[in-house]
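There are 2 protein chains.
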Amino acid sequence: MKNSLRRLCVVTAAAVMASVAAVALSQEPPKPTPEQAIKYRQSVYKVILWNFGPMSAVAQGKASYDAKAFEHQAGRVATMAPMLIEGYPHGSHTGATTRAKPEIWQNYAEFKELMTAMVGKASALAEVAKEGDEDKSKAAFRELAGACRACHDKYRND
Amino acid sequence: MKNSLRRLCVVTAAAVMASVAAVALSQEPPKPTPEQAIKYRQSVYKVILWNFGPMSAVAQGKASYDAKAFEHQAGRVATMAPMLIEGYPHGSHTGATTRAKPEIWQNYAEFKELMTAMVGKASALAEVAKEGDEDKSKAAFRELAGACRACHDKYRND
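So the protein lines, in turn, are chains Z and H. All residue numbers for the first sequence refer to the working numbering, where the first residue is 434 and numbers rise by one. All residue numbers for the second sequence refer to the working numbering, where the first residue is 434 and numbers rise by one.
A couple of the hints might just be wrong.
All copies of an identical chain are treated as equivalent in the list; a pair is satisfied when it fits inside any one copy or across any two copies.
DSSO-like, lysine-lysine: derived pairs with alpha carbons at most 30 Å apart [stated by the list, open to error]:
#1 501 with 571
#2 495 with 464
#3 571 with 464
#4 569 with 479
Worth flagging that the hints you see were computed from the coordinates, not collected in a lab.
Modelling step: build the complete structure from the supplied sequences, incorporating the hints.
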């Protein structure tokens, strides 16, 4: 092997080893796939619905108001609500069956504002529910439902 | 119509109206179906996994430790963990595809103890993670993973 070629090999090998070492030192966690993100956000919505559903029945007069249960459910929704936005990384408009419209990622700032508004209403409901006042709780629930709908109307397929 | 028959009708109508009113006053919220419970608990597990997965990669040396991210994920798992037990009402051994063994409901007290132990480890991990110490965080994570496995080994089908 000629000297120049040998030198090139040594330099190349050193460069490869250095880059391997750099990767080992700053290993990024594996990014979630779009499918994982879609399944994640759908799961968050399902946990929300598990708690939102009984409150909705109360608000519609289909079930009687139970202050303790309502407070528990409102607290759970307030806890879950801020977890949603993580489930909408760019590129997750496709990858599994999803009702999310691609417009979300074209108007991401507005989408995020609607999410933030909803999180605020969920938090407000959880606070109000602690008072145990049926009418105030129902009114705060309707505020939250409106914030959900505002986003669904614009960014969710039927 | 004879008087006695008329009286019977009036009494019967009054009784029916009273029972309708009683139902309206103490309307139970609709109970979740077994299928809803199964979907709910699977969703809670999925939200847990979304956060547990990246911590697991760190614990296995497949990703580097990021104190802030680890703390966030540990906090989320601790928040979600107590939500699981609600998803195991009696009768929800069937109703949708589920890996939950029917033994859960035969040994429900033990199942609940394993769940409680896991919730404790999740809470401990969230506390430790706040310190930002990699080794302690990984150790607490392994404790949690062990508590998960203890229940999976006994009560989850492969």
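These are the hints, each one checked on the structure:
Taking CA atoms no more than 30 Å apart as the test, residue 501 paired with residue 571 passes inside one copy only; the shortest distance there is 14 Å, against 37 Å between copies. For a Cα distance limit of 30 Å, the shortest separation of residue 495 from residue 464 across copies, 12 Å, qualifies, whereas the shortest one inside one copy, 44 Å, does not. For the homomeric pair residue 571 and residue 464, the shortest alpha-carbon distance between copies (20 Å) is at most 30 Å, but the shortest distance inside one copy (40 Å) is not. Only within a single protomer do residue 569 and residue 479 lie at most 30 Å apart by alpha-carbon distance; the minimum there is 25 Å, versus 34 Å between protomers.
Comparing the model with each earlier hint shows no violations; every hint is respected.
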